[in-house]
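Student: Add chain Y to chain B, keeping to what the hints say.
Line order of the protein sequences matches chains B and Y. By this note's numbering, the letter at position 17 of the first sequence is numbered 1390, and the numbering carries on one by one without gaps. By this note's numbering, the letter at position 70 of the second sequence is numbered 1443, and the numbering carries on one by one without gaps.
Treat the hints with care, since some could be wrong.
Given that identical chains are not distinguished, each listed pair holds provided it fits within a single copy or across any two copies.
[Stated by the list, open to error] For lysine-lysine, the following DSSO-like pairs were computed, each having C-alpha atoms within a straight-line distance of at most 30 Å: (1) Lys1437 <-> Lys1468; (2) Lys1468 <-> Lys1456; (3) Lys1582 <-> Lys1539; (4) Lys1654 <-> Lys1488; (5) Lys1558 <-> Lys1668; (6) Lys1468 <-> Lys1539; (7) Lys1488 <-> Lys1468; (8) Lys1638 <-> Lys1552; (9) Lys1539 <-> Lys1661; (10) Lys1670 <-> Lys1456.
These are calculated hints, taken from the structure and not from any lab test.
There are 2 protein chains.
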Amino acid sequence: MKAFITGGAGCIGSELADRLLQEGHQVVVFDNLSSGKEEHIYSLTGNKNFQFVLGDLLDLAAVKNSISGSDVVFHLAANSDIKFAEGDPTDEDLKSNITATYNVLEAMRVNNVRKILFTSSSAVYGEASRMPTPEEEPLMPISLYGASKAGCETMISGFCHMFGMKAWIVRLANIIGPKSRRTGKTVITDFIERLRANGSELLILGNGKQSKSYLLTDDCIEGILTVFRKSDGMVNIYNVGPEDFVTVDDIGRMAAEEMNLEDVKFIYSGGDRGWIGDVPKFLLDTAKIRQLGWKPKHTSAEAVRLAIRSALRR
Amino acid sequence: MKAFITGGAGCIGSELADRLLQEGHQVVVFDNLSSGKEEHIYSLTGNKNFQFVLGDLLDLAAVKNSISGSDVVFHLAANSDIKFAEGDPTDEDLKSNITATYNVLEAMRVNNVRKILFTSSSAVYGEASRMPTPEEEPLMPISLYGASKAGCETMISGFCHMFGMKAWIVRLANIIGPKSRRTGKTVITDFIERLRANGSELLILGNGKQSKSYLLTDDCIEGILTVFRKSDGMVNIYNVGPEDFVTVDDIGRMAAEEMNLEDVKFIYSGGDRGWIGDVPKFLLDTAKIRQLGWKPKHTSAEAVRLAIRSALRR
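Next comes chain B alone, as it looks inside the complex (with noise of 0.2 Å):
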């Protein structure tokens, strides 16, 4: 099998690249570096298997090159800085993900490359009604991200329709591990540069007890590789993540424990979220995914102590 898998050198993409090349397959990397690292991927390049692309999804011509010959493509590269600050550009979502997305689409069309699989967000749903959220959920964001997420989704369900592709559609709870963006910055990473700089206080956006689920790396791509091989239809939607969550306060307990650090007093920014489009509480039913089989050897909390510990050893 030749992988094809954009944002490859993120801490996802670099992994599951890792992972195919271990099973024996063949991977092309495409990046264009703006989150992911090249050093993600230097322990790869000696792998005569491997190929590595700098290039970018909104140039057409440079996709449809890059990705021909291809059987499969994992459909990682996204704008990852979920945040939006006052005065931020509002296409930023659009043009990484949906005009990247459907230039990734048009490129195997035209290539004919038949299967997908595309990593998309618990965001889609925004504030659900049913909690935990199951994958017939009506979609309805509250951010640019998880809009854009959606579209990308319902335009991928038009291309399989329209041209005879194939698709698993990952709806991923927050995925955390050992590895580290170029920009924007993790709760984890977030509160652990705070208390190194002052361990007496921790300001926490919003009210700390926004509550998220958290995976690590390893279990998201055994998730998604789980999904991949085991599903047949012709767009196929799971829900990715653990069956609990933890709070914003939780994670800086945890933070601060791992730092020795006592008596940390928490500031909050109030309000019942972190930031305008944030979904202050999420949990994703995965009754679906677990059926195939699949189930992550961590927890939430378990995840979230692991990469606070890898976090602190970087």
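Tutor: Then chain Y, alone, in the frame of chain B:
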């Protein structure tokens, strides 16, 4: 109220403009006349409350400039040519629907215009598992047109939640009426044209059993305004259509009857649908809008017959 109507020179938009002017509102029609026609709005040009702007939604600066000072946007402009033929460009819906809608939303945001009514489509559902299909049905479009309308919906949801806007999204059945588009045929005009050329036989795309719902423009506008005026959530999504459907064979028979043709032989192109991306059967569940007090004056069968008569008079 100052209403900004995109696609306001189209079959629906021009009737909506007329209706709002009659109610005493100010109306700005923004249209690139790609499928709309100037003749649709000739009769409005004498009204001091009416303004026509010849412009393209892909020109963000023009949209920003023209939308300024509006109270509400009725965003009807779209690529209305749903049929896709081998060799057609695949980015038409991306541009005319998704990018255009983004530009409308961004122009609203910077001008502090906070209300948008968006004409979506039954096509967002694809081949729905439930029929009649309620608004909660997951969106699984089977055409690029349907995919782009679904993408617009989720983008609107994102902008509403991020920037304090309110939206009314109407998922319309097939709309037919006394006016015709500049480009693209409806099944009705296609049948009349073919029967005028040859009154003894009629080529029907598919097997003739495709079953769809049709709504007259008048009923559509009443539905749109009912949703806009009587629902008050942040994102209000309503199906708008009749409670019945007719088959393509029915339409062929009605066209022949109204043209006083007998013994017309129907010839079928075959397959269960008219073109790639065509949804063979749809019927919208309209319980939600009926609770607002709206119901159409005409059934699908009546609407089709009246539209045939209008077309024959043109």
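Student: If a hint holds in the structure, say so; if it does not, say that too.
Tutor: A quick look at each hint next to the structure:
For the homomeric pair lysine 1437 and lysine 1468, the shortest alpha-carbon distances inside one copy (17 Å) and between copies (19 Å) are both at most 30 Å. Proximity of lysine 1468 to lysine 1456 under the C-alpha cut-off of 30 Å is found in both arrangements, the shortest distances being 16 Å within a copy and 26 Å between copies. For the identical chains of this complex, lysine 1582 and lysine 1539 are inter-copy neighbours only, at 27 Å across copies versus 39 Å inside a copy, given an alpha-carbon limit of 30 Å. When the C-alpha separation of lysine 1654 and lysine 1488 is checked against a cutoff of 30 Å, the pair qualifies only between copies, where the shortest distance is 27 Å, while the shortest distance within a copy is 33 Å.
Taking identical chains as interchangeable, the C-alpha atoms of lysine 1558 and lysine 1668 lie at most 30 Å apart only when both belong to the same chain, with a minimum of 27 Å there against 52 Å between chains. In this homomeric assembly, lysine 1468 and lysine 1539 come within 30 Å of each other (Cα to Cα) both inside a single copy, at 24 Å, and across copies, at 24 Å. Taking the closest pair of Cα atoms, lysine 1488 and lysine 1468 come within 30 Å of each other both inside a single copy (22 Å) and across two copies (24 Å). For a Cα distance limit of 30 Å, the shortest separation of lysine 1638 from lysine 1552 inside one copy, 28 Å, qualifies, whereas the shortest one across copies, 68 Å, does not.
Taking the shortest Cα distances, lysine 1539 and lysine 1661 sit within 30 Å of each other inside one copy (18 Å), while across copies they are farther apart (34 Å). Only within a single protomer do lysine 1670 and lysine 1456 lie at most 30 Å apart by alpha-carbon distance; the minimum there is 29 Å, versus 48 Å between protomers.
Of the numbered hints stated above, none is contradicted by the structure.
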